[in-house]
Amino acid sequence: MKSLAMFNNKGGVGKTTLVCNLASYLADNFGKKVLIIDADPQCNSTVNLLSDDDFDKVYYKREGFTIYDTILPLFRGQGYAKDIELYDVPNYKVKFLVGDPRLSLMEDLLSNDWRDAVSGLPRGLRTTLVFSELLGRCNEYDFVFFDMGPSLGSLNRSILLACDYFISPMSSDIFSLLAIENIGQTLNTWKSRFALGLSNNEDPSALDGINTETDLRFAGYITQQYTAKLVDGIKRPVKAYEQILAEIPDIVEKELTGVINKGYEHVDYNLGSIPNFHSVIPMSQTAHKPVYKLDHTDGVVGAHFTKVREYEEIIRGISENLLRNLEVLR
Numbered sequence: 256m257k258s259l260a261m262f263n264n265k266g267g268v269g270k271t272t273l274v275c276n277l278a279s280y281l282a283d284n285f286g287k288k289v290l291i292i293d294a295d296p297q298c299n300s301t302v303n304l305l306s307d308d309d310f311d312k313v314y315y316k317r318e319g320f321t322i323y324d325t326i327l328p329l330f331r332g333q334g335y336a337k338d339i340e341l342y343d344v345p346n347y348k349v350k351f352l353v354g355d356p357r358l359s360l361m362e363d364l365l366s367n368d369w370r371d372a373v374s375g376l377p378r379g380l381r382t383t384l385v386f387s388e389l390l391g392r393c394n395e396y397d398f399v400f401f402d403m404g405p406s407l408g409s410l411n412r413s414i415l416l417a418c419d420y421f422i423s424p425m426s427s428d429i430f431s432l433l434a435i436e437n438i439g440q441t442l443n444t445w446k447s448r449f450a451l452g453l454s455n456n457e458d459p460s461a462l463d464g465i466n467t468e469t470d471l472r473f474a475g476y477i478t479q480q481y482t483a484k485l486v487d488g489i490k491r492p493v494k495a496y497e498q499i500l501a502e503i504p505d506i507v508e509k510e511l512t513g514v515i516n517k518g519y520e521h522v523d524y525n526l527g528s529i530p531n532f533h534s535v536i537p538m539s540q541t542a543h544k545p546v547y548k549l550d551h552t553d554g555v556v557g558a559h560f561t562k563v564r565e566y567e568e569i570i571r572g573i574s575e576n577l578l579r580n581l582e583v584l585r
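Counting in this note's numbering, the sequence shown tops out at residue 585, every number present.
These aren't lab readings, by the way, just hints derived from the structure by calculation.
It is possible that part of the hints are untrue.
Claimed, not checked - Cross-link-like lysine to aspartate or glutamate pairs, in silico, DMTMM-like; alpha carbons within 25 Å at most: (1) Lys-257 with Asp-397; (2) Lys-316 with Glu-340; (3) Lys-316 with Asp-283; (4) Lys-257 with Asp-458; (5) Lys-509 with Glu-436; (6) Lys-348 with Glu-510; (7) Lys-257 with Asp-553; (8) Lys-257 with Glu-575; (9) Lys-348 with Asp-397; (10) Lys-446 with Asp-458; (11) Lys-287 with Glu-567; (12) Lys-257 with Asp-338; (13) Lys-257 with Glu-520; (14) Lys-288 with Glu-575; (15) Lys-548 with Asp-338; (16) Lys-257 with Glu-468; (17) Lys-446 with Glu-497; (18) Lys-509 with Glu-520; (19) Lys-288 with Glu-582.
Can you build the whole structure from these sequences, using the hints too?
The structure is reproduced here in structure tokens:
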């Protein structure tokens, strides 16, 4: 099982659409068994993936299990959740752990217990490892994807420390470049402080059965949401975006791969580029279907069919490039 976090320290970069479609394509066309975990309190993946009936059950009738329920027992001093309830998402061919806006309420718990974790106190370590413990129950899957919010807060720290890899969707603006500055150093600081806490652990048996290794690697980036034009029959981003896109490889090397992926050479971290697909994205959200599966029953007409085919070609390329990098970065 490989765990992957979809992470950027900036919002509005199209990460939810990407993670849902990428996970679905790997399941649908590469035969992978995939789980998506919505760990973003904004719950955009949940809106995309959950059927209307399941949505009503979870949020209006309050009958369903959410990611909040995986942490709530810790908050109450009851240890880890005994059972995890997942949802089938037939249109995407994935399993799904539903998001919850109340997840943001756990930031204080994770932040306070982080101080205890660094000091080697078992409670703090167990709280910080809540997502590592969760992933330990997911070995039947080939891939587990986390959809995450745009922050370097305590919630995302626990997720990233638990994951094997992270992928960064990036929009073609200066703020996306600024957002990845110092991410690598921050991650290394977290890893070193957590390692110190483990070395000071007063009760190693308290962590029995939980993976405490932190070996997060950067798997690549995807540029998104630029406007394309035809140049000699080839789609290229308009000039306003070209300069930003040209700067990304150097920034990635300086702030990410040169910091946390040392020792890996000849890896192409550019997994692909996704231009603005405009109206087909809302169609996908309304239909609860991947973009590449949209058809006339979802309102696709005329030029929309071309957009759907273009999207499938792009997501196929991203999937192939990701699988290639995961082999290299093992």
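Taking 25 Å as the top limit, are the C-alpha atoms of Lys-257 and Asp-338 close enough?
-> This hinted pair holds, its Cα atoms lying about 21 Å apart.
Hinted pair Lys-446 and Asp-458, Cα distance within 25 Å | 20 Å, holds
Given hint Glu-340 paired with Lys-316 - CA-CA distance at most 25 Å | 16 Å, holds
Does the structure keep Lys-257 and Glu-468 at a Cα separation of 25 Å or less?
-> 14 Å, holds
Sort out whether Glu-436 lies within 25 Å of Lys-509, counting only the CA atoms.
-> 9 Å, holds
Could you grab the alpha-carbon distance between Lys-257 and Glu-520 and see if it respects the 25 Å cut-off?
-> 21 Å, holds
Holds or violated: Lys-257 to Asp-553, with C-alpha atoms at most 25 Å apart | 33 Å, violated
Hey, Lys-288 versus Glu-582, does the alpha-carbon distance stay inside 25 Å?
-> 17 Å, holds
Would you mind confirming whether the straight-line C-alpha gap from Lys-287 to Glu-567 stays at or under 25 Å?
-> 17 Å, holds
Could you grab the alpha-carbon distance between Lys-288 and Glu-575 and see if it respects the 25 Å cut-off?
-> 16 Å, holds
For the pair supplied as a hint, Lys-446 and Glu-497, is the alpha-carbon distance within the 25 Å limit?
-> 35 Å, violated
Take a quick look at whether Lys-257 and Asp-458 sit within 25 Å of each other, Cα to Cα.
-> Given pair Lys-257, Asp-458 is violated - Cα atoms ~28 Å apart, limit 25 Å.
Of the hints listed earlier, those the structure fails to meet are numbers 3, 4, 6, 7, 15 and 17, in rising order.
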